[in-house]
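**Q** Residue strings, one per chain:
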Amino acid sequence: MIHARALSRTFTTRTGPVEAVRGVDLDVERGEIVGFLGPNGAGKTTTLRMLTTLLTPTSGQATVAGHDLIRDPIGVRRNIGYVAQGGVTLPEAIAGEECVDQARLYGLGKSAAAARGKELFDQLDLGGLWERKCSSLSGGQRRRLDIVIGLMHSPGLVFLDEPTTGLDPQSRANLWNHIGGLRDELGSTVFITTHYLDEADHLCDRLLVIDHGQIVASGTKEELKAGVGGDAVIVTLADPARTPDASGVMATLPGADEPVVGDGQITVHVPEGGGLLPRLLRELDAKGVELAGVEVRRPTLDDVFLSLTGRSLRDEPAA
Amino acid sequence: MNNVWRDTWLTFERQMRLSLRNPIWVALGLIQPLMYLALFGPLLKPVVANTPGLPPGDEWQVFAPGLLVQLGLFGAAFVGFGLVAEYRAGVIERQRVSPASRVSLLAGRVLRDVVVIVVQTLLLLAAAVPFGLRAPIAGVLLSLLIVAGLGAAFASLSYGCALLLKSEDALAPLLNGLAMPLLLLSGILLPMSLAPGWLRRLSDVNPLKHTVDATRSFFTGDLTSSAALWGSLATIGLVAVSLWFGARTFRRESA
Ligand SMILES: Nc1ncnc2c1ncn2[C@@H]1O[C@H](COP(=O)(O)OP(=O)(O)O)[C@@H](O)[C@H]1O
Ligand SMILES: [Mg+2]
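Order-wise, the sequence lines are chains Z and V. Per the working numbering, numbering of the first sequence is gapless, rising by one per residue and ending at 455. Per the working numbering, numbering of the second sequence is gapless, rising by one per residue and ending at 336.
These are computed hints drawn from the structure, not numbers from a lab. Be aware that a few hints might be false.
[Said to hold, decoys possible] Residues of chain Z clear of chain V, computed beta-carbon distances all greater than 10 angstroms:
#	residue
1	139
2	190
3	220
4	233
5	237
6	241
7	282
8	361
9	388
10	396
11	421
12	432
13	433
14	446
[What the hints assert, rightly or not] Per the computed footprint, the stretches of chain V lying under chain Z, defined by three or more beta-carbons under 8 angstroms from a beta-carbon of chain Z, are:
#	segment
15	95 to 102
16	109 to 118
[Said to hold, decoys possible] Partner residues aside, some chain V positions facing chain Z, computed with beta carbon under 7 angstroms:
#	residue
17	91
18	105
19	170
20	171
21	174
Everything numeric in this text was worked out from a predicted model, so none of it was measured. We put the beta carbon where it would ideally sit given N, CA and C, even for glycine.
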């Protein structure tokens with residue numbers, strides 16, 4: 137559905153050139169939900185604006201939904217839906233009219249557009265809001281309306297730019313269900329950008345991680361997490377004085393890295409935490425080290441990002 | 082292929098619907114020329130009667146054309162602010178990512194502005210009749226065409242600048258800085274034939290001055306004077322350049 141090679145975009149600004157996207161290669165197959173994960177300013181929106189024909193690449197090429205980005209932008213536009221990061225509705229406009237107006241630009245007739253819009257309103261829990269002013273909708277409702285507008289012409293490929301930013305946790309979870317449904321019920325391919333780890337984790341089959349305009353990793357969640365150096369085994373001692381003994385035991389686990397002590401806990405990373413736990417407990421017991429608790433934590437996407445870039449995504453201010 | 086005419090019509094229909102939902106702006110646009118008509122127009126009778134060097138015609142035939150041109154300029158020059166608001170709301174990008182012809186997205190908006198200005202002009206002319214305006218119908222119709230052309234030109238310029246700048250803060254000084262000198266140097270309140278030589282030469286490079294002169298000639302029933310000819314040509318030139326600029330800006334891939 138998307139095949140991009142060496143896509144780059146440099147902005148000229150008053151303070152000099154900004155290389156927002158630097159040679160991005162990406163491939164998305166039909167029926168996938170692919171997440172484009174990266175901190176603010178990484179170049180996600182710029183990449184999306186290039187793939188949706190809103191921005192000319194400085195260099196590189198791409199085929200999107202079967203059409204060449206540069207030679208056939210109209211062909212691309214006809215076959216994609218794009219839900220921009222900042223929303224797409226006029227506050228003073230009527231929700232249903234926004235949908236119909238947009239659909240008609242794709243050649244739909246008035247009544248076909250209204251029927252399609254109402255069907256999508258029902259699917260995305262917007263029933264009864266057809267006549268409402270956009271400014272009177274809640275944040276979650278308005279975001280779903282944005283998505284309806286992007287889906288009016290039944291595109292096979294949908295781009296969602298940070299669809300849940302700024303929503304409360306309940307609306308986010310609700311929207312995740314709907315986005316999952318785009319693929320499962322409507323058969324769309326979904327390309328979604330996010331700087332939320334839980335969102336990427338929950339929604340996406342496959343992830344591309346972008347930082348400073350370059351793809352730094354790609355793969356399934358499992359592949360990415362497996363690349364991080366394994367599970368964390370975290371041990372809390374009943375008597376902190378036994379820390380050196382416990383660390384010594386943990387360091388001898390097969391494949392273990394250097395144990396880290398902090399907050400009354402000792403942490404070590406091993407390839408398969410669950411399988412090693414009985415052995416660890418036996419050896420600690422043999423040394424007479426008493427435990428207050430033990431925990432095995434699977435790597436998170438944040439660990440992935442941390443190991444790739446040396447920075448945590450969680451430190452990023454939301455914007 | 083998307084049809085340019087259909088896309089233009091769809092855009093026009095949408096913009097018109099949004100305007101009609103808030104007709105207060107259409108009314109507000111009329112208030113300024115109506116105030117000139119009522120509070121300034123009556124001052125002109127003794128001036129026109131006692132001043133040599135004026136073009137032919139009574140005070141309303143001299144003054145009403147100026148008000149019409151002012152309406153064409155000010156009714157259209159600031160429409161770009163609405164486009165900045167639409168841009169900020171994400172509507173422009175949403176339309177630009179559709180297969181609709183990008184020139185249609187401009188043309189439909191300009192068409193809405195022209196229709197609004199023509200309606201305002203008709204209302205203004207109707208209001209001027211009780212004050213004493215008398216003018217031949219053919220001249221009035223030609224003047225309406227001129228005003229519609231001005232509206233199209235300035236709306237297109239305003240939208241083009243708005244799409245380039247995307248910010249009210251940058252747009253306001255630019256549009257004010259253009260509209261005010263254009264207005265003052267067009268002789269809409271008093272004809273430039275009264276101006277000292279340097280001011281008249283300055284006004285000669287202003288297409289609006291020729292437009293006003295042409296409209297005055299139309300209002301006195303002289304449809305073929307050289308003023309009528311030059312003013313019509315100036316207006317056509319202005320329309321062509323402005324539409325070209327607007328269309329180019331809207332078509333640019335990353336505007
Ligand atoms: N129109 C623009 N002009 C100049 N710089 C831009 C423009 N758009 C984006 N940038 C810069 O490009 C970089 C990437 O931005 P963006 O693609 O919006 O990141 P993201 O969506 O990942 O947060 C940022 O440094 C941003 O400031
Ligand atoms: Mg972004």
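**Q** Run every hint past the structure and note whether it holds.
**A** Going through the hints against the structure:
1. No beta-carbon of chain V comes within 10 angstroms of the beta-carbon of residue 139 of chain Z; the shortest separation is about 19 angstroms.
2. At roughly 6 angstroms from the closest C-beta of chain V, the C-beta of residue 190 of chain Z falls inside 10 angstroms, breaking its exclusion from the interface.
3. With a least beta-carbon separation of about 5 angstroms from chain V, residue 220 of chain Z fails to lie farther than 10 angstroms from that chain, contradicting its non-interface assignment.
4. Its closest Cβ contact with chain V, about 7 angstroms, brings residue 233 of chain Z to no more than 10 angstroms, contrary to its assignment away from the interface.
5. Against the 10 angstroms criterion, residue 237 of chain Z falls within the reach of chain V, whose nearest CB is about 5 angstroms from its own CB.
6. Distance check on residue 241 of chain Z: its Cβ comes as close as 4 angstroms (rounded) to a Cβ of chain V, failing to clear the 10 angstroms threshold; non-interface status is violated.
7. Not every Cβ of chain V is farther than 10 angstroms from the Cβ of residue 282 of chain Z; the closest lies at roughly 8 angstroms, contradicting the non-interface assignment.
8. With a closest Cβ-Cβ approach of about 34 angstroms to chain V, residue 361 of chain Z is found to remain outside the 10 angstroms limit, as its non-interface label requires.
9. With a least CB separation of 58 angstroms from chain V, residue 388 of chain Z remains clear of the 10 angstroms interface cut-off, as annotated.
10. The Cβ of residue 396 of chain Z lies farther than 10 angstroms from every Cβ of chain V, with a closest approach of about 46 angstroms, so its non-interface assignment holds.
11. Distance to chain V confirms residue 421 of chain Z as a non-interface residue, since its nearest Cβ pair spans about 62 angstroms, more than 10 angstroms.
12. Listed as a non-interface residue, residue 432 of chain Z keeps its Cβ farther than 10 angstroms from every Cβ of chain V; the least gap is roughly 45 angstroms.
13. The Cβ of residue 433 of chain Z lies farther than 10 angstroms from every Cβ of chain V, with a closest approach of about 40 angstroms, so its non-interface assignment holds.
14. Annotated as non-interface, residue 446 of chain Z keeps its C-beta farther than 10 angstroms from every C-beta of chain V; the closest such distance is 33 angstroms.
15. With a threshold of 8 angstroms between beta carbons, the proposed coverage of the segment 95 to 102 of chain V by chain Z holds, since 4 of its residues qualify and at least three are required.
16. A stretch counts as covered by a chain when three or more of its residues have a beta carbon under 8 angstroms from one of that chain; for the segment 109 to 118 of chain V and chain Z the count is 0, and the coverage is violated.
17. Evaluation of the residue 91 of chain V hint against chain Z yields a held restraint, the C-beta minimum of about 5 angstroms falling below 7 angstroms.
18. Here the hint on residue 105 of chain V is broken, as its CB sits about 12 angstroms from the closest CB of chain Z, past 7 angstroms.
19. With its C-beta approaching chain Z no nearer than about 5 angstroms, residue 170 of chain V sits inside the 7 angstroms limit, and its interface hint holds.
20. For residue 171 of chain V, the suggested interface contact is upheld, since its CB lies about 4 angstroms from the closest CB of chain Z, less than 7 angstroms.
21. A distance limit of 7 angstroms between C-beta atoms decides the matter here; for residue 174 of chain V the minimum to chain Z is near 6 angstroms, and the interface restraint holds.
In summary, the numbered hints that this structure violates are 2, 3, 4, 5, 6, 7, 16 and 18.
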